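Under this note's numbering, the letters of the sequence shown match residues 1 to 624, in that order.
Since the hints were derived computationally from the structure, they do not count as laboratory data. Hints are supplied without guarantee of correctness; some may be wrong.
Claimed, not checked - Derived BS3-like pairs: lysine-lysine, alpha-carbon spacing no greater than 25 Å straight-line:
no. : residue 1 : residue 2
1   : K133      : K68
2   : K133      : K97
3   : K43       : K133
4   : K68       : K97
5   : K54       : K43
6   : K68       : K54
7   : K54       : K97
8   : K54       : K133
Bear in mind the structure is a predicted one, so any value in this text is a computation, not a measurement.
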Amino acid sequence: MDKQPFSLRLTLLSGLLLLIATGALLWAANRTVTPLLVAEMQKNSTAVGRSLIKQFSSAVTAGIPLHKLAGVTDMLGEVLDDNPSLSGMEVIDPAGKLLFSAGTRLPADGQGGFSPLTHPVISTLPIQVNGSKVGTLRVGSDLSFTVDRLWLYLAATLGIIVASLLLIFEVVRLILARAIDAPSHQLGTALQHVLEGDFSTVLAANVPGTMGRAIRRLNTNLRTVADRFERFAASANAIRGLDLDAASADRLSHMLEDAKTRFPTLATDHRSLATPSIVRPDGRWVMLMLTIVSEAVRPLVPFVGSDRVLGGLEPSLLAAVPLGLALVGIGLGTVVAPLVRPQRAALVFLVSVLLFALSLVATAATHSAVVFWASRLIGGIAIGIAWRMLTVRYRTDIQADKNIILVAGLGFQAVGPVIGAVLGEGLGTNPALWLIAVAASLCAVYGWNSLRTTALVAEAPASDEISTLPSLWGPATLAVIAGALLFQALPVLGLSSGTLLASVPHFVAFGLGLLISASVLPNSGRRLGAGLLLATLALAVFVLLPDVLICAAALLLFGIGWGMARPVRPVAGLLLIDMAGGLIGVSLGALVASANNPLALLLLGVPALVMGLGRLARPQPVAR
């Protein structure tokens with residue numbers, strides 16, 4: 001029975017529940033964040049206004065009337081230039097007459113509504129001298145600044161909520177699959193014995209009524225399928241043994257290819273149908289190209305965000321939001337990818353990578369923050385789908401050759417960002433984005449040519465996905481540390497230093513650590529525990545000894561620990577855990593950077609240290 005309709009219904013239902021939950025939580029976050037933003041804006045404008053009131057009061061106390069003060073407009077304009085969150089200022093006399101103003105004209109009190117999205121937040125402060133009111137100072141906060149901050153908080157909140165819900169959904173799905181996998185296999189085996197054995201013939205002949213007719217019809221269908229296999233085998237023998245015309249041989253060849261697509265066991269059950277392997281691009285090169293073009297954008301993201309209309313935001317927030325949206329998109333793409341039929345994997349891969357290239361083109365061609373954020377989310381979804389297509393189709397190669405993970409890991413963490421940083425520094429951010437988009441288009445064609453000539457592979461059985469669940473917390477903790485540590489060391493460092501090349505040594509050190517762990521260190525059952533301890537040590541060195549060379553050494557240690565603790569098979573559950581953990585780590589890194597308190601990152605090392613010691617102390621199975 002085709003499980004695609006059931007899987008589609010389950011995914012649609014889960015997506016609907018996820019949409020409802022996300023919408024409800026986002027609405028609650030909006031209701032919570034908006035008053036906090038309004039209070040923050042009023043507090044800032046009040047502080048600025050009080051400093052001005054002191055100057056006005058001193059001048060009036062000295063005997064100069066308020067309306068005769070000189071240079072007030074210029075002074076107000078300088079204050080607005082120094083505070084980008086303010087939109088305008090007005091000085092009004094007790095009768096309500098406007099004396100001085102600068103910036104945007106502020107609406108009267110009580111007009112324009114009460115939402116900060118429809119009118120500026122205005123603080124009204126009285127100017128008093130010896131207890132008598134001589135005027136009023138009105139300070140308005142910038143509407144665009146308020147909207148940008150609100151959307152920023154909502155986008156970060158939405159990203160964390162979606163990633164958390166996706167992680168919970170995938171883990172629950174894997175646990176349920178684990179519960180029904182064994183009974184389903186036993187039932188299928190028993191049914192197969194019943195239908196193919198002598199008991200099936202006796203049952204079909206003796207059982208009366210509807211059940212008997214159903215059994216006889218099932219046996220007839222099985223015989224029809226077996227006869228069809230025999231006819232296809234005879235056709236293959238005829239192609240090799242008879243002198244057929246070209247048109248007939250071509251029709252039979254297409255018939256055989258279609259049969260192998262519809263009946264995957266045909267090529268294995270009948271050796272006569274085996275065809276010579278088609279020369280195709282190596283799957284490792286496809287994975288490396290995809291990871292390079294997808295991660296080459298990482299060092300460019302903070303610089304692109306700083307050029308958009310996001311005035312007044314901190315560098316850490318400029319880097320965190322688009323990186324977080326990309327991680328959320330990859331998680332969404334990983335969940336949606338199983339809905340694609342195996343026959344359409346090559347076409348979907350081509351469309352997904354081209355969509356990622358178009359997202360880069362849209363980012364380079366426009367200067368809108370909304371387009372930039374949407375492009376990062378859409379590009380992440382496209383990369384998640386494309387990566388899932390590759391890991392499913394090349395699952396056999398991945399399980400047989402761990403160097404595929406080494407190649408992909410180097411592209412994901414080291415080679416791609418280094419190439420992106422060098423291109424961005426040499427050509428500029430926008431030309432670099434255009435060039436990466438062209439490279440992504442070439443990768444799409446190259447990968448499509450590889451996938452279309454590769455034998456169809458079904459999704460991994462549930463046991464393959466579930467086998468990683470006992471090691472869930474270790475990779476999740478490492479993913480959080482990686483998100484926070486790499487965010488602190490790479491994007492923020494490049495943006496604060498003003499040059500993209502500042503982060504290149506750190507990328508190289510991290511990639512070298514991956515290379516050492518995957519190709520030099522021996523395999524053992526204690527790799528996860530040792531990797532967690534190395535990650536904890538690297539985190540402590542990075543935080544406690546903030547030096548450029550020492551930070552590079554810390555990233556080298558963390559690369560070794562990350563490579564030692566990573567499993568060989570990139571199953572969907574772990575990929576989703578990586579994305580969710582990376583999103584949490586990026587969010588924590590942004591908060592730590594904005595608060596200028598890097599020591600808080602040491603708290604992430606506590607669970608890693610505990611789990612690493614526990615892994616090392618656990619007795620290892622004795623090899624027989």
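Hints and how they fare:
{"no.": "1", "hint": "K133 <-> K68", "in the structure": "holds (16 Å)"}
{"no.": "2", "hint": "K133 <-> K97", "in the structure": "holds (14 Å)"}
{"no.": "3", "hint": "K43 <-> K133", "in the structure": "holds (22 Å)"}
{"no.": "4", "hint": "K68 <-> K97", "in the structure": "holds (14 Å)"}
{"no.": "5", "hint": "K54 <-> K43", "in the structure": "holds (17 Å)"}
{"no.": "6", "hint": "K68 <-> K54", "in the structure": "holds (17 Å)"}
{"no.": "7", "hint": "K54 <-> K97", "in the structure": "holds (21 Å)"}
{"no.": "8", "hint": "K54 <-> K133", "in the structure": "holds (13 Å)"}
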